[in-house]
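Let the sequences and hints guide you as you build the complete structure.
As they're listed, the protein sequences go chains A and B. Position one of the first sequence corresponds to residue 1 (the numbering used here), numbered consecutively onward. Position one of the second sequence corresponds to residue 1 (the numbering used here), numbered consecutively onward.
Fair warning: there could be bad hints in the mix.
[Said to hold, decoys possible] Where chain A lies over chain B, by a calculated footprint (3+ residues, C-beta under 8 Å): (1) 72–86; (2) 218–226.
[Claimed, not checked] Which chain A residues stay away from chain B? Per the calculated CB distances, all over 10 Å, these: (3) Met21; (4) Asp25; (5) Met39; (6) Phe42; (7) Ala99; (8) Asn106; (9) Ser112; (10) Leu137; (11) Asn161; (12) Asn207; (13) Asp248; (14) Arg322; (15) Ala326; (16) Tyr364; (17) Leu407.
Read the hints as simulated data drawn from the structure, not as lab findings. All figures in this text were calculated on a predicted structure; none of them were measured in a lab. Glycine included, each C-beta is placed from N, C-alpha and C at the ideal position.
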Amino acid sequence: MNATKELTHAAAPPRPKPARMGPADVVRVGGSGLRSRPMRVFLSALGIAIGIAAMVGVVGISSSSTADLSRRLAALGTNLLTVSPGQSFSGAAAHLPDASLQMISNIEGVESVSAVGRTDAKVYRNDHIPKEETGGLNVYAARTDLPKTAGAEITEGRWLNAANARYPAVVLGPKAAQQLGVFQAGPDTKVWLGGRWFTVIGILAPNELVPELDSAALVGWPAAERELDFDGYPTTVYTRSEESKVTDVQAVLGATANPENPSEANVSRPSDALAAKEATDSALSGLLLGLGAVALLVGGVGVANTMVISVLERRSEIGLRRALGATRGQIRTQFLCEALLLSALGGLGGVLLGIAVTGGYAAYQGWPSVVPVWAMAGGIGATLVIGGLAGFYPAVRAARLPPTEALSTT
Amino acid sequence: MTGSPRPVVELHGVSKTYGDVAALKSADLVIRRGELLAVVGPSGSGKSTMLNIMGTLDRPTAGTVRIDGYDIDRLSDRELSALRAGTIGFVFQQFHLAPGVPALDSVANGLLYSGRPRGERRRLAESALRRVGLGHRLGHEPHQLSGGEKQRVAIARAVLGDPPLLLADEPTGALDSRSGAVVIELLHDLQRAGTTVVVITHDRDIAGSLPREVRIKDGHIEHDSGIVDGLDSIDRRGGTPGALPLAPLPEEAVR
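This is the structure:
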């Protein structure tokens, strides 16, 4: 055996080559430094976790709110379009022609059409209230097919029909009912409207898509013309279309409603307006996201600090590893891996915490809980970048430590 | 066993200076395969410097160092690491066992950088621990072990991969005399099994009990009792002068 060794020696020995460590060994060695100091690991991972949780939570809550909005919009329908006459060139209030309803219902794709017309009448709790205290409530003449098209629902009593639309009967929006102190519809419930008593026959449910109905008092079209000097022109036309044709209908609606002055007609899609209103919260989300980023940065500094201390404390371990045959690169890899594991631990905890925060808040608000995958992946990715940056300098320092110096410290 | 084996350690005119201080002055030393020797000297004599140079942990300022035939001057830091991983085992006075790590894992780490798979490392670690008489202490952590046991764990870690060269730096320095005797006996066993063992010590009694003694003072090799004649012809099991008989260690003698 010795002889064969001698032979290979005589033929110039091969240069010693460091063995590669398997990935499992790299992770195990990187993790060994963490296992021995669980409290410190927990605290420095917590710093990262708070930052990630804040960011995931902000994204999650805003996504949940968006998901809730689209769920609500899906329930309300996004196929409602409204037309109002707007203002004429001269600035005076324009009228929609009498025939406009018929013409709109002839557009291809339109499923239903209805309208309200604003009257100049005001509504009061009783006849003792001064005329000026209108409470911002408006009185509209409503067509009997309004609920189907505008998506209005009755919570109390019933809606106008062909019979009672001729008599002094009124249906109140929920805000109007509250302001007028009306909680129950019925023959005994009356409000002072346009200088005479009207019987409240129904109360509407809140309508997110058509909020102007919430503070309206709605009377029948014939009754309004007879009792309230209503001119009979619709001021808002509501129309539902087939989902696939909504944009086509929207394009021609103005011209159809008012062919003579198409530019005067205001066409809008209430679901868009609702979505736009909710989107204005994004500035606050941006601010919170920024705060989360700052927390993450502070967490990263914490990891760097932990790693620097760790390298100082573990000089003899580094020396021993060099003596056992670790190359500088392997020492560097070990500490980099340790930093990455440390921050990945924080990142994972942060993502879970963020999901929990989102879930809790969404449950409280009655929203569906949604955390986008990109936010979770981004959170973990960000911690890995932070961990890499935080661990780089300590790892390089550990690798540069001369083995003799590392071993001389006890 | 024909021809003269290649020496494990060859130092030729090796000097090491730290700033203005010369820790080692033109030292010459040849250690042949299978030797057991002591490098003895008071503190500050340069023996630790010599250990670092023999262990390729440090490079000399001047002179030639050959370890297992490799001229370390021609090797890069990476290649020296690989040389340490395969050729040199270290035992330190302070054991250098990581707290909270079971003996088996500490020992298995001795081959961490050798490229051997984990299962094999652990298997070898178990047999190495049995070899040093600690088969019943595999799962014990350092704080559950006596000083002598800790040092035997460290020795098991050093000889796990059967390195040709074992460097022991004051292996009994932190031990009582009884535990120290057990450790020294273990080193004798290893030598009989074929390992070249270099013990660095300030203890003249220990040095005197080993087959070869190299005395060092102020960076000079003062005295070298020389290579034991006929070393290569000695029956490995037969024992060398001063060696204790190889026998299983009684448990009560260990603590």
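Structure-based check of each hint:
no.: 1; hint: 72–86; result: holds (count 11)
no.: 2; hint: 218–226; result: violated (count 0)
no.: 3; hint: Met21; result: 7 Å, violated
no.: 4; hint: Asp25; result: 7 Å, violated
no.: 5; hint: Met39; result: 13 Å, holds
no.: 6; hint: Phe42; result: 16 Å, holds
no.: 7; hint: Ala99; result: 87 Å, holds
no.: 8; hint: Asn106; result: 80 Å, holds
no.: 9; hint: Ser112; result: 73 Å, holds
no.: 10; hint: Leu137; result: 76 Å, holds
no.: 11; hint: Asn161; result: 83 Å, holds
no.: 12; hint: Asn207; result: 66 Å, holds
no.: 13; hint: Asp248; result: 68 Å, holds
no.: 14; hint: Arg322; result: 7 Å, violated
no.: 15; hint: Ala326; result: 5 Å, violated
no.: 16; hint: Tyr364; result: 43 Å, holds
no.: 17; hint: Leu407; result: 7 Å, violated
Of the numbered hints given earlier, the model fails hints 2, 3, 4, 14, 15 and 17; all others are met.
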